[in-house]
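Dock chain B against chain A, hints included.
Chains as they are written, first to last, in this note's numbering: chain A, 1 to 404; chain B, 1 to 404.
Keep in mind the hints are simulated off the structure, nothing from the lab.
Treat the hints with care, since some could be wrong.
The list cannot tell twin chains apart, which means a pair is met if one copy fits it or any two copies do.
To be verified - Straight line, CA to CA, 30 Å or less: simulated DSSO-like cross-link-like pairs of lysine-lysine:
id	residue 1	residue 2
1	Lys124	Lys23
2	Lys364	Lys22
3	Lys124	Lys311
4	Lys311	Lys364
5	Lys307	Lys70
6	Lys58	Lys307
7	Lys91	Lys58
8	Lys23	Lys269
9	Lys311	Lys58
10	Lys3	Lys35
11	Lys269	Lys22
12	Lys266	Lys347
13	Lys91	Lys266
14	Lys58	Lys70
15	Lys58	Lys312
16	Lys22	Lys311
17	Lys70	Lys22
18	Lys3	Lys347
19	Lys70	Lys364
20	Lys124	Lys10
21	Lys3	Lys124
There are 2 protein chains.
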Amino acid sequence: MAKVNDNYLKLPGSYLFSTIGKKVAAYSQAHPERKIIRLGIGDVTQPLAPAIITALHKAVDEMADAATFKGYAPDLGYEFLRSAIAENDYKGRGCDIRADEIFISDGAKCDSANIQEIFSTDNKIAVCDPVYPVYVDSNVMAGRTGTWDAAAGTWSDVIYMPCTQENDFAPELPDETPDLIYLCFPNNPTGSTITKDQLQIWVDYANQVGAVIIYDAAYEAYISEEDVPHSIYECEGARTCAIELRSFSKNAGFTGVRLGFTVVPKELKAGDTYLHPLWARRHGTKYNGAPYIVQRAGEAVYSPEGKAQLKKQVAYYMKNANAIYDGLSDMGYTVSGGVNAPYIWLKTPEGMTSWEFFDYLLEKANVVGTPGAGFGPSGEGYFRLTAFGNYENTMEALERIRMM
Amino acid sequence: MAKVNDNYLKLPGSYLFSTIGKKVAAYSQAHPERKIIRLGIGDVTQPLAPAIITALHKAVDEMADAATFKGYAPDLGYEFLRSAIAENDYKGRGCDIRADEIFISDGAKCDSANIQEIFSTDNKIAVCDPVYPVYVDSNVMAGRTGTWDAAAGTWSDVIYMPCTQENDFAPELPDETPDLIYLCFPNNPTGSTITKDQLQIWVDYANQVGAVIIYDAAYEAYISEEDVPHSIYECEGARTCAIELRSFSKNAGFTGVRLGFTVVPKELKAGDTYLHPLWARRHGTKYNGAPYIVQRAGEAVYSPEGKAQLKKQVAYYMKNANAIYDGLSDMGYTVSGGVNAPYIWLKTPEGMTSWEFFDYLLEKANVVGTPGAGFGPSGEGYFRLTAFGNYENTMEALERIRMM
Numbered sequence: 001m002a003k004v005n006d007n008y009l010k011l012p013g014s015y016l017f018s019t020i021g022k023k024v025a026a027y028s029q030a031h032p033e034r035k036i037i038r039l040g041i042g043d044v045t046q047p048l049a050p051a052i053i054t055a056l057h058k059a060v061d062e063m064a065d066a067a068t069f070k071g072y073a074p075d076l077g078y079e080f081l082r083s084a085i086a087e088n089d090y091k092g093r094g095c096d097i098r099a100d101e102i103f104i105s106d107g108a109k110c111d112s113a114n115i116q117e118i119f120s121t122d123n124k125i126a127v128c129d130p131v132y133p134v135y136v137d138s139n140v141m142a143g144r145t146g147t148w149d150a151a152a153g154t155w156s157d158v159i160y161m162p163c164t165q166e167n168d169f170a171p172e173l174p175d176e177t178p179d180l181i182y183l184c185f186p187n188n189p190t191g192s193t194i195t196k197d198q199l200q201i202w203v204d205y206a207n208q209v210g211a212v213i214i215y216d217a218a219y220e221a222y223i224s225e226e227d228v229p230h231s232i233y234e235c236e237g238a239r240t241c242a243i244e245l246r247s248f249s250k251n252a253g254f255t256g257v258r259l260g261f262t263v264v265p266k267e268l269k270a271g272d273t274y275l276h277p278l279w280a281r282r283h284g285t286k287y288n289g290a291p292y293i294v295q296r297a298g299e300a301v302y303s304p305e306g307k308a309q310l311k312k313q314v315a316y317y318m319k320n321a322n323a324i325y326d327g328l329s330d331m332g333y334t335v336s337g338g339v340n341a342p343y344i345w346l347k348t349p350e351g352m353t354s355w356e357f358f359d360y361l362l363e364k365a366n367v368v369g370t371p372g373a374g375f376g377p378s379g380e381g382y383f384r385l386t387a388f389g390n391y392e393n394t395m396e397a398l399e400r401i402r403m404m
Numbered sequence: 001m002a003k004v005n006d007n008y009l010k011l012p013g014s015y016l017f018s019t020i021g022k023k024v025a026a027y028s029q030a031h032p033e034r035k036i037i038r039l040g041i042g043d044v045t046q047p048l049a050p051a052i053i054t055a056l057h058k059a060v061d062e063m064a065d066a067a068t069f070k071g072y073a074p075d076l077g078y079e080f081l082r083s084a085i086a087e088n089d090y091k092g093r094g095c096d097i098r099a100d101e102i103f104i105s106d107g108a109k110c111d112s113a114n115i116q117e118i119f120s121t122d123n124k125i126a127v128c129d130p131v132y133p134v135y136v137d138s139n140v141m142a143g144r145t146g147t148w149d150a151a152a153g154t155w156s157d158v159i160y161m162p163c164t165q166e167n168d169f170a171p172e173l174p175d176e177t178p179d180l181i182y183l184c185f186p187n188n189p190t191g192s193t194i195t196k197d198q199l200q201i202w203v204d205y206a207n208q209v210g211a212v213i214i215y216d217a218a219y220e221a222y223i224s225e226e227d228v229p230h231s232i233y234e235c236e237g238a239r240t241c242a243i244e245l246r247s248f249s250k251n252a253g254f255t256g257v258r259l260g261f262t263v264v265p266k267e268l269k270a271g272d273t274y275l276h277p278l279w280a281r282r283h284g285t286k287y288n289g290a291p292y293i294v295q296r297a298g299e300a301v302y303s304p305e306g307k308a309q310l311k312k313q314v315a316y317y318m319k320n321a322n323a324i325y326d327g328l329s330d331m332g333y334t335v336s337g338g339v340n341a342p343y344i345w346l347k348t349p350e351g352m353t354s355w356e357f358f359d360y361l362l363e364k365a366n367v368v369g370t371p372g373a374g375f376g377p378s379g380e381g382y383f384r385l386t387a388f389g390n391y392e393n394t395m396e397a398l399e400r401i402r403m404m
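Here chain A stands alone, though its shape is the one from the complex:
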């Protein structure tokens, strides 16, 4: 008789953003006349840049002609895109990453969820707390996290690294040695970053204890300060301890287009085993490539026009981030993030949990944010707002919050 994967049954509630979606839908249905402003899920609102639209149309036309039609993509991605990435994201920043170490995918969410599959189920993971829920949930599903303590909101076999106001939202090296370390900078959800020197400490640590760092750099395009690394491969020794995940969702507005990539350096090992061929095998067996037209859109991100247009798009969102940061500060909220990241992290008003603040904000201001507790126990008492709304809505949301 067929039996299910019991690990799924251990997952408490549903995926954070599904829960929020349901709450908002229920509120909308009850109050159809109210205009809700969504600064919750990290979804972009600006249209695709003209250079990308042109590339998409051109690629669609190629699909209309037998002479230029493209069927299955190469397993690991088209050479034109892998080369553009290697050249611009890595060589351009002094990182030694070659095109054949880059695996094109349909987004960093999938990669961040799937990457754990190539590791043993008895590996112990360490995550920042608060954390992007996918890192933990995908490990729960694989049976790597032990038992759920509902009161604490933690898993028995996960190492949590608290990131709170007290440590400036930067994780400290854990007491217990992990096998896999998930790091995300600029950070989702806190919007914080660490310097290159701070990241070097993690790289040295991982090399010393034989851990693998899974480094999520999905928000690197939002970095504005000099000493913040765009890639973990800016650190010495990262090629022997780190996998890097990247996304086109936030730097190019591809949340509905779907494109990302993962870097697995050829030197990287777990124990005696090289990881590059393992990820290649997973990719080749359980995935079938990103759409040709989408890979051409990705290529356009690196064209001179694309770069110029996207710089403006990022600046547009960062203007929102600044406005939210300054506006909330003015109102007396304790605020962080927003300088090198499109996320603002605020302390909820005294005596209010993060879900209470979620409901309060939805009710009083018709604004949707994300409760910090949804990202982990150390997120309790915090709340995330994103800068991905349009400017007018963002200003209106701030005004409504001011009037609450």
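Frame of chain A; chain B shown alone:
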């Protein structure tokens, strides 16, 4: 210290089509002057139909305007596409499948590889032999298949159901009771089919023993005979025992566009647990939706123009199938498939293994096919040719084979 998933290390060689790709690339490099005709991998060659091209351009234009721009798609797919599928693929065939039982994905390969994740690792799988390698390899990676017997070409914990000329390429109910049963009709690689009455026997059996059937109907558009079912839900009782996988790759030429879907009926349980919420949870956590523009392209498949154009496209490939079938029969080969499927399955000439025939065909005719042994031990002595080439190349390939 990080450790890898040892199951990956058990996988022999690389994924079948990667191996073929490498062999062909090496041959091409050694003989750059020879024109190779590829009838190996099941990749299509005809351009996308005009209705689909129009839909893609229109959707791209929507992405260029903030008012119509689309970010993250709904977790399980856009309603417009799920409804079109429910209406056309199911209601139109008398199957009771609702839109909210349909999960949109980036293709049947991924779904067929991922679906095992929601089941316990101690479930025992049964597969046809020969079989699409992804079913088995994804289970190997999950640790469900025991040890590899290189001499036999089999895994110790997999139930193989031989499909050979002797049983007209139709699997028989296994002696040992499986928990999960993978079936694919019209079949890849043999091109064979079973009737609705034959499939009903499998549905009854699965319900009786509590097994779940994973039914891959990726080739249903090629069915030409009346009594061959297009969906397993045409059989009574399938809602309580079957998951169905579908693809847009072959009926609409989406191999490079990437779109598919999986049906999980709400009544379907494994033991006491409903599977629909489990697959929804996996989808929500480890996947982030198919691109908006691609889902609009999928919708166009069901438009009156799309249907008419794709009927012609399928007919085009089936003309190839008929020509290969008849041509090879004339040459004295023993041939099957090709009537309800785009695959021709032939017996290799006496004394030649399927890989020997692969090399022979590549060398003598510069034609690429797929060796039967790559699909399992009962595929030894057989060889697959696909009808997905263009007509002229297919005719030329046949002529070259005739001259060998």
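Hints, one by one, checked against the model:
1. Lys124 with Lys23: So Lys124 and Lys23 fail the 30 Å test inside a copy (34 Å) and across (40 Å) alike.
2. Lys364 with Lys22: within (18 Å within a copy, 62 Å between copies)
3. Lys124 with Lys311: neither (39 Å within a copy, 53 Å between copies)
4. Lys311 with Lys364: neither (35 Å within a copy, 55 Å between copies)
5. Lys307 with Lys70: both (26 Å within a copy, 21 Å between copies)
6. Lys58 with Lys307: Both: 18 Å inside a chain and 25 Å across chains, each within 30 Å.
7. Lys91 with Lys58: Intra 28 Å, inter 37 Å, cutoff 30 Å: intra-copy only.
8. Lys23 with Lys269: between (44 Å within a copy, 28 Å between copies)
9. Lys311 with Lys58: both (23 Å within a copy, 26 Å between copies)
10. Lys3 with Lys35: neither (45 Å within a copy, 51 Å between copies)
11. Lys269 with Lys22: between (42 Å within a copy, 25 Å between copies)
12. Lys266 with Lys347: neither (42 Å within a copy, 42 Å between copies)
13. Lys91 with Lys266: within (16 Å within a copy, 50 Å between copies)
14. Lys58 with Lys70: both (13 Å within a copy, 20 Å between copies)
15. Lys58 with Lys312: both (23 Å within a copy, 25 Å between copies)
16. Lys22 with Lys311: Neither. Shortest intra-copy (34 Å) and inter-copy (40 Å) distances fail the 30 Å Cα cut-off.
17. Lys70 with Lys22: For Lys70 and Lys22, the Cα distance is within 30 Å only across copies (19 Å; inside one copy 39 Å).
18. Lys3 with Lys347: neither (44 Å within a copy, 39 Å between copies)
19. Lys70 with Lys364: For Lys70 and Lys364, the Cα distance is within 30 Å only across copies (27 Å; inside one copy 52 Å).
20. Lys124 with Lys10: The answer is both: 18 Å in one copy and 23 Å across copies each meet 30 Å.
21. Lys3 with Lys124: The answer is both: 26 Å in one copy and 10 Å across copies each meet 30 Å.
Consistency note: the structure conflicts with the earlier hints numbered 1, 3, 4, 10, 12, 16, 18.
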